[in-house]
Amino acid sequence: MFKTLFSTFILLVCVLNVSVVKAENNAEGLAKLQGIWGGIGIQDREAWSIKLDLSDKHQPLITYPSIPCAGKLVFLKQVQETYIFREEITEHTDNCINQGTLEITPIDPNTLQWTWYKPNELRVMSYLNKFANEQAYNAYVSQLLASYQTKTWEY
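In mature numbering (1 follows the signal peptide of the UniProt record, and there is no 0), the protein residues as written are -23 to -1, 1 to 132.
You may find that some hints are simply not true.
What the hints assert, rightly or not - Below, computed lysine to aspartate or glutamate pairings styled on EDC-like, alpha-carbon distance capped at 20 Å: (1) 54 to 68; (2) 9 to 58; (3) 95 to 71; (4) 54 to 80; (5) 49 to 65; (6) 54 to 33; (7) 107 to 68; (8) 54 to 64; (9) 107 to 58; (10) 54 to 71; (11) 107 to 85; (12) 49 to 33; (13) 9 to 80; (14) 95 to 21; (15) 9 to 111; (16) 95 to 68; (17) 9 to 33; (18) 54 to 30; (19) 9 to 30; (20) 107 to 21; (21) 107 to 33; (22) 9 to 85; (23) 95 to 80; (24) 107 to 80; (25) 49 to 80; (26) 49 to 30; (27) 95 to 65; (28) 95 to 23; (29) 49 to 71; (30) 95 to 64.
Said to hold, decoys possible - With beta-carbon atoms standing in for the labels, derived distance ranges: (31) 94 to 70: 16 to 22 Å; (32) 126 to 54: 32 to 38 Å; (33) 56 to 99: 18 to 24 Å; (34) 21 to 124: 15 to 21 Å; (35) 44 to 116: 17 to 23 Å; (36) 101 to 11: 22 to 28 Å; (37) 56 to 117: 26 to 32 Å.
Quick caveat, the hints were computed from the structure, so don't treat them as lab data. Beta carbons are placed, not taken as given, at the ideal position from N, Cα and C, and that holds for glycine.
Just need the whole structure built from these sequences, with the hints factored in.
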């Protein structure tokens, strides 16, 4: 009995150790992406702003200021260089689809590929730029939205 109990304890310690190492590796990877990222998404000929706040690696936040809605991102897993999250909309929940999947993939130190999807419903992809501060983000996104609102859409 003692041998079985000891073996179970050793196995549990090994499993917990692997989980801690995985969590630390993911935290290190997200720390490299720390900052404010933003851009616009386009869906059904409508442009809307995206703000991804990775300033706090323990609680990534997503905001769609021009819709408006916002929420938190719950880390699910990392597949190679792509970080996969579940998006939980917590503010203005009637304005956005909740429980989508968000994938972010670094392209270079100042660009992320942002992909949001809900299986069998919708998929949207954009590129987000890194900003030094909130003011730089606001100025850039305002300019982008203004330029897209003056476009004529033809298919």
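So, going through the hints one by one against the coordinates:
1. 54 to 68: violated, 24 Å
2. 9 to 58: holds, 12 Å
3. 95 to 71: Holds. Residue 95 to residue 71 sits at ~16 Å (cutoff 20 Å).
4. 54 to 80: holds, 10 Å
5. 49 to 65: Holds: residue 49 and residue 65 sit about 5 Å apart, inside 20 Å.
6. 54 to 33: Satisfied, since the Cα-Cα distance of roughly 18 Å is no more than 20 Å.
7. 107 to 68: Status violated; Cα separation ~24 Å.
8. 54 to 64: holds, 13 Å
9. 107 to 58: holds, 17 Å
10. 54 to 71: It is violated: about 27 Å lies between the C-alpha atoms, which goes past 20 Å.
11. 107 to 85: At roughly 10 Å apart (the allowed maximum being 20 Å), residue 85 and residue 107 satisfy the hint.
12. 49 to 33: holds, 11 Å
13. 9 to 80: holds, 16 Å
14. 95 to 21: holds, 16 Å
15. 9 to 111: The hint holds at about 19 Å.
16. 95 to 68: holds, 19 Å
17. 9 to 33: holds, 12 Å
18. 54 to 30: holds, 18 Å
19. 9 to 30: Status holds; Cα separation ~13 Å.
20. 107 to 21: violated, 26 Å
21. 107 to 33: holds, 15 Å
22. 9 to 85: Since the Cα atoms of residue 9 and residue 85 sit roughly 11 Å apart, the hinted pair holds (cutoff 20 Å).
23. 95 to 80: holds, 11 Å
24. 107 to 80: holds, 16 Å
25. 49 to 80: With Cα atoms ~14 Å apart, residue 49 and residue 80 stay inside 20 Å; holds.
26. 49 to 30: holds, 9 Å
27. 95 to 65: holds, 12 Å
28. 95 to 23: Roughly 19 Å separates the two Cα atoms, so the pair holds.
29. 49 to 71: Given pair residue 49, residue 71 holds - Cα atoms ~16 Å apart, limit 20 Å.
30. 95 to 64: Cα-Cα ~10 Å, so holds.
31. 94 to 70: 16 to 22 Å: holds, 19 Å
32. 126 to 54: 32 to 38 Å: Between residue 126 and residue 54, where Cβ atoms are some 37 Å apart, the hint holds.
33. 56 to 99: 18 to 24 Å: Cβ of residue 56 to Cβ of residue 99: about 21 Å, so the range 18 to 24 Å holds.
34. 21 to 124: 15 to 21 Å: holds, 18 Å
35. 44 to 116: 17 to 23 Å: Roughly 19 Å apart at Cβ, these two residues keep to the hinted range, so it holds.
36. 101 to 11: 22 to 28 Å: holds, 24 Å
37. 56 to 117: 26 to 32 Å: holds, 29 Å
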